[in-house]
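Generate coordinates for the entire structure from the input sequences, incorporating the hints supplied.
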Amino acid sequence: MAGLYRPRRASEWATCAVAVLLILLGLPLLIMGAELALLGGSLYYVVAGAAIIAGGILMLMGSVAGAFLYLLAWLLTWPWALWEVGFDGWGLLPRLLGPTLIAVLVVLTIPVLRRLQKTSLAQKGIA
Amino acid sequence: MPRTDLSAATALCGLVLLSATAGIAPARAQSAYKEAPPGPGDADAPGKKPSDKFAGPSPFAPQAPGVNAANIPDGPPAGPGEATPAVEQIGSHPAHDDWPAYGRDTDATRFSPLEQITPRNVGQLTRAFVYHTGSKPAPGQVNKWAAETTPIKVGDGLYMCSAMNDIVKLDPATGKEVWRHEAGVKYASIPYTAACKAVVYYTSSTVPEGEPCHNRILEGTLDMRLIEVDADTGKLCEGFGYHGQVNLMKGMGESVPGFVSMTAPPPIVNGAIVVNHEVLDGQRRWAPSGVIRGYDAETGKFLWAWDVNRPDQHGEPAEGQHYSRGTPNSWATMTGDNALGLVYVPTGNSAADYYSAMRSPEENKVSSAIVALDVKTGSPRWVFQTVHKDVWDYDIGSQPTMIDFPGQDGPVPALVVPTKRGQTFVLDRRDGKPILPVEDRPAPLATDVQGDPRSPTQPWSVGMPRLGLPDLKESDMWGMSPIDQLFCRLKFRRAKYEGEFTAPSVEKPWIEYPGYNGGSDWGSMAYDPKTGVLIANWNVTPMYDQLVTRKKADALGLMPIDDPNFKPGGGGAEGNGAMADTPYGIVVSPFWNQYTHMMCNKPPYGMITAIDMHTRKVLWQHPLGSARANGPWGVPTYLPLTIGTPNNGGPVITAGGVVFVAATTDNMLHAFDAKSGKELWNDVLPGGGQATPMTYEYKGRQYVAIMAGGHHFMMAPVSDALVVYALPDGK
Numbered sequence: 001m002a003g004l005y006r007p008r009r010a011s012e013w014a015t016c017a018v019a020v021l022l023i024l025l026g027l028p029l030l031i032m033g034a035e036l037a038l039l040g041g042s043l044y045y046v047v048a049g050a051a052i053i054a055g056g057i058l059m060l061m062g063s064v065a066g067a068f069l070y071l072l073a074w075l076l077t078w079p080w081a082l083w084e085v086g087f088d089g090w091g092l093l094p095r096l097l098g099p100t101l102i103a104v105l106v107v108l109t110i111p112v113l114r115r116l117q118k119t120s121l122a123q124k125g126i127a
Numbered sequence: 001m002p003r004t005d006l007s008a009a010t011a012l013c014g015l016v017l018l019s020a021t022a023g024i025a026p027a028r029a030q031s032a033y034k035e036a037p038p039g040p041g042d043a044d045a046p047g048k049k050p051s052d053k054f055a056g057p058s059p060f061a062p063q064a065p066g067v068n069a070a071n072i073p074d075g076p077p078a079g080p081g082e083a084t085p086a087v088e089q090i091g092s093h094p095a096h097d098d099w100p101a102y103g104r105d106t107d108a109t110r111f112s113p114l115e116q117i118t119p120r121n122v123g124q125l126t127r128a129f130v131y132h133t134g135s136k137p138a139p140g141q142v143n144k145w146a147a148e149t150t151p152i153k154v155g156d157g158l159y160m161c162s163a164m165n166d167i168v169k170l171d172p173a174t175g176k177e178v179w180r181h182e183a184g185v186k187y188a189s190i191p192y193t194a195a196c197k198a199v200v201y202y203t204s205s206t207v208p209e210g211e212p213c214h215n216r217i218l219e220g221t222l223d224m225r226l227i228e229v230d231a232d233t234g235k236l237c238e239g240f241g242y243h244g245q246v247n248l249m250k251g252m253g254e255s256v257p258g259f260v261s262m263t264a265p266p267p268i269v270n271g272a273i274v275v276n277h278e279v280l281d282g283q284r285r286w287a288p289s290g291v292i293r294g295y296d297a298e299t300g301k302f303l304w305a306w307d308v309n310r311p312d313q314h315g316e317p318a319e320g321q322h323y324s325r326g327t328p329n330s331w332a333t334m335t336g337d338n339a340l341g342l343v344y345v346p347t348g349n350s351a352a353d354y355y356s357a358m359r360s361p362e363e364n365k366v367s368s369a370i371v372a373l374d375v376k377t378g379s380p381r382w383v384f385q386t387v388h389k390d391v392w393d394y395d396i397g398s399q400p401t402m403i404d405f406p407g408q409d410g411p412v413p414a415l416v417v418p419t420k421r422g423q424t425f426v427l428d429r430r431d432g433k434p435i436l437p438v439e440d441r442p443a444p445l446a447t448d449v450q451g452d453p454r455s456p457t458q459p460w461s462v463g464m465p466r467l468g469l470p471d472l473k474e475s476d477m478w479g480m481s482p483i484d485q486l487f488c489r490l491k492f493r494r495a496k497y498e499g500e501f502t503a504p505s506v507e508k509p510w511i512e513y514p515g516y517n518g519g520s521d522w523g524s525m526a527y528d529p530k531t532g533v534l535i536a537n538w539n540v541t542p543m544y545d546q547l548v549t550r551k552k553a554d555a556l557g558l559m560p561i562d563d564p565n566f567k568p569g570g571g572g573a574e575g576n577g578a579m580a581d582t583p584y585g586i587v588v589s590p591f592w593n594q595y596t597h598m599m600c601n602k603p604p605y606g607m608i609t610a611i612d613m614h615t616r617k618v619l620w621q622h623p624l625g626s627a628r629a630n631g632p633w634g635v636p637t638y639l640p641l642t643i644g645t646p647n648n649g650g651p652v653i654t655a656g657g658v659v660f661v662a663a664t665t666d667n668m669l670h671a672f673d674a675k676s677g678k679e680l681w682n683d684v685l686p687g688g689g690q691a692t693p694m695t696y697e698y699k700g701r702q703y704v705a706i707m708a709g710g711h712h713f714m715m716a717p718v719s720d721a722l723v724v725y726a727l728p729d730g731k
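Which chain is which? The protein sequence lines are L and C, in order.
Heads up, the final residue of the first sequence is numbered 127 in the UniProt record's numbering, and it's a clean run with no missing numbers.
Heads up, the final residue of the second sequence is numbered 731 in the UniProt record's numbering, and it's a clean run with no missing numbers.
Quick caveat, the hints were computed from the structure, so don't treat them as lab data.
We put the CB at the ideal spot given by N, CA and C, even for glycine.
Hints should not be assumed to be uniformly reliable.
Residues from chain L that face chain C, not an exhaustive set, calculated with beta carbons under 10 Å [to be verified]: (1) Leu36; (2) Ser42; (3) Thr77; (4) Val85; (5) Phe87; (6) Pro94; (7) Leu97.
Quick list of in silico lysine to any residue cross-link-like pairs, SDA-like style, CA-CA up to 20 Å [what the hints assert, rightly or not]: (8) C:Lys176 <-> C:His132; (9) C:Lys617 <-> C:Asp476; (10) C:Lys473 <-> L:Leu82; (11) C:Lys473 <-> L:Gly89; (12) C:Lys473 <-> L:Ser42; (13) C:Lys365 <-> C:Trp460; (14) C:Lys508 <-> L:Trp83; (15) C:Lys567 <-> C:Gly66; (16) C:Lys508 <-> L:Ala37; (17) C:Lys496 <-> L:Ala37; (18) C:Lys473 <-> L:Ile102; (19) C:Lys473 <-> L:Glu35; (20) C:Lys496 <-> L:Gly40; (21) C:Lys473 <-> L:Leu39; (22) C:Lys473 <-> L:Ala37; (23) C:Lys508 <-> L:Leu38; (24) C:Lys496 <-> L:Leu38; (25) C:Lys473 <-> L:Gly40; (26) C:Lys473 <-> L:Glu84; (27) C:Lys473 <-> L:Ala50; (28) C:Lys617 <-> C:Val462; (29) C:Lys473 <-> L:Trp90; (30) C:Lys473 <-> L:Phe87; (31) C:Lys473 <-> L:Trp83; (32) C:Lys678 <-> C:Arg120; (33) C:Lys473 <-> L:Ile57; (34) C:Lys496 <-> L:Leu39; (35) C:Lys496 <-> L:Leu82; (36) C:Lys508 <-> L:Leu39; (37) C:Lys496 <-> L:Ser42; (38) C:Lys473 <-> L:Val85; (39) C:Lys473 <-> L:Leu38; (40) C:Lys508 <-> L:Gly89.
Below you can see the structure in the form of structure tokens.
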């Protein structure tokens, strides 16, 4: 499990792309979120950024746990968003719309990652 | 197996990762965007001494050619005088069908008794005609246009000025041009904005009816002239000033075109034209004077001056002298009170808006205030200040409205004063005392600006509903996604913010909120005296500002307009300013994400409110303006969502029960039910509707007119179209 998997099929390439996307989106959250936390602001972003990056890396390594880590972060974002702005539609928009669209993509990668894991285990078994 | 073959995946994914890291960099680096404050700890520049290339001209230097735009011979300095006795003007008692003054009447109610258009039929409005003023940027010219014009209608004429001060008379039914007076204003004379809010209708007391210039149209120009023309022919009135014109640059001392200008209609009170003018913000501490002057409406003769730092001298300055420099200027439309013999002057700030250490005690008493001047002498009778020691550009932009305040012991002559703070003050016109309670509340004192302490308290009008939202919080920051929202949260935390009166700061940016375009800017309010309903549209637009050292200001290329190296269109009143002659320059930007051009705070950015003045309760209030012409990166979304956009331009209320307001950045004219606030109708204009609409009746038909001139600063498309609506024939 120490390395990255090699995408072969289109679905695997797409999964890789989603994983990279998570890392891309997680990095600014982590970096700017760390400064925000240091300035006394919300801790959500640095934590969410770390979780999303970790999820992306795990997915690149072919682990379905990465997808579940993202989905967990997404799920916990809801109560956080409602706690911060209540049921204010404009307020919820930046907090939930984008992450939810990404969550859909991440859900789609789960079967691919499951299959990759099986293959990987099978290969290890053979070796 | 996966270990051995990293090439494809890693190369691909790694490349994207790299570029992502690079993509974050601009968000953290100092932006090259000219309107972004330099950021924490970056208000100074390394290395060289401040530039001494430009030492600033002496205020005694003669005015350069072109500053006296019409080359009008001045003659010797005039002493104080008295106005020719005036006859009653139509603005005081407008005919039912007319809209004879900028605010419809001298009270500035923006209320029309017309009732042909009602909530039931307003949906059928169609365009009766579109008139083109011909004034818009020529190819290659920096766009500085925002006409802001409200036509007036008297009898058989619709009179208006173009953004560049040409005066026209139109047929009220067809929009056909009856006459045009070309003012000959040059591009260089445009200050911050080419605007002309309205012309003034004047009936002479000395020229008999039927002779030329019995009825006259008066305007003040961008290049500081008063012009009077005959209302029937548009020909200059020879008996007024020098062949129909008065040079308002007389006595102003050193200046350049565009530094000082008139954009608001000067009121005529008991025969005296009262003249104020805009002095371009942010240029230098010793900018030309904000003096207020009176001139005889009949002859154009100088009557008096109110010059803040020469309070006892009401005549023109002696030869080689000039009015006191850097004093608070008044650029808003003033309101005249014939009965009390007063003019209510909404003042702004002393020159160099964001630094107050060099202001005189006299200036500190009258800045960002309403000053009631006696129109016979030019002496202040009372002063009411809305911000003490203003360093936030909270000058008063709106025209105050005169109402009979429904008091317990009968009506009280009152003045309703809208402000950019969203505080609405209601004053007794006789003595300036607040009718509704005003509380002095503690204001933040912390500042890193040496020797420039802030006022410990500021006035709050607690008896009127606040036209504003609560102080900003980090969680109010907005965006399309968590990332741009986080960018704004970070911007919020990197700045100094202690509420509405957060003192200016050098060490890091500070947030100015509601902002200098917040609350009521120049739009003013509408008041139905029959129902006691007050209509106000207002803004929620925080700003992100930072003081910078002189060295840094030089490094940023900030220079005053009278610097030989100044580039026209490079700096403006509402942007960065050199504030020459002071230790600091100012960098000002909207509190936005400078990459997406979306505001950092969540919507709404503009609202409309109806207040019952009998109870001071809000009757209705909702966001004003849709998202259709707005969106990230300035790309229109075409979403019909009412998001509440920034808006500039006032409302109109009619006896028919309809409120008309354009103003918003969705470039639409809106009609609301005055009772419920429900939007009944709207129409997309050919340009931004940043002007106050007006309504009139002609030959039995009611019309609604709006100048769709747009606004360069609000990024609303510029046009030269006056759009006039009416119900279809026979309705």
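Hints, one by one, checked against the model:
no.	hint	verdict
1	Leu36	holds (5 Å)
2	Ser42	holds (6 Å)
3	Thr77	holds (8 Å)
4	Val85	holds (6 Å)
5	Phe87	violated (14 Å)
6	Pro94	holds (4 Å)
7	Leu97	holds (7 Å)
8	C:Lys176 <-> C:His132	holds (10 Å)
9	C:Lys617 <-> C:Asp476	violated (26 Å)
10	C:Lys473 <-> L:Leu82	holds (16 Å)
11	C:Lys473 <-> L:Gly89	holds (17 Å)
12	C:Lys473 <-> L:Ser42	holds (11 Å)
13	C:Lys365 <-> C:Trp460	holds (17 Å)
14	C:Lys508 <-> L:Trp83	violated (30 Å)
15	C:Lys567 <-> C:Gly66	holds (18 Å)
16	C:Lys508 <-> L:Ala37	holds (18 Å)
17	C:Lys496 <-> L:Ala37	holds (16 Å)
18	C:Lys473 <-> L:Ile102	violated (28 Å)
19	C:Lys473 <-> L:Glu35	holds (17 Å)
20	C:Lys496 <-> L:Gly40	holds (13 Å)
21	C:Lys473 <-> L:Leu39	holds (14 Å)
22	C:Lys473 <-> L:Ala37	holds (15 Å)
23	C:Lys508 <-> L:Leu38	holds (16 Å)
24	C:Lys496 <-> L:Leu38	holds (15 Å)
25	C:Lys473 <-> L:Gly40	holds (13 Å)
26	C:Lys473 <-> L:Glu84	holds (11 Å)
27	C:Lys473 <-> L:Ala50	violated (25 Å)
28	C:Lys617 <-> C:Val462	holds (12 Å)
29	C:Lys473 <-> L:Trp90	holds (15 Å)
30	C:Lys473 <-> L:Phe87	holds (17 Å)
31	C:Lys473 <-> L:Trp83	holds (14 Å)
32	C:Lys678 <-> C:Arg120	holds (12 Å)
33	C:Lys473 <-> L:Ile57	violated (34 Å)
34	C:Lys496 <-> L:Leu39	holds (12 Å)
35	C:Lys496 <-> L:Leu82	violated (27 Å)
36	C:Lys508 <-> L:Leu39	holds (13 Å)
37	C:Lys496 <-> L:Ser42	holds (17 Å)
38	C:Lys473 <-> L:Val85	holds (11 Å)
39	C:Lys473 <-> L:Leu38	holds (17 Å)
40	C:Lys508 <-> L:Gly89	violated (32 Å)
Of the numbered hints stated above, those contradicted by the structure are hints 5, 9, 14, 18, 27, 33, 35, 40, listed in ascending order.
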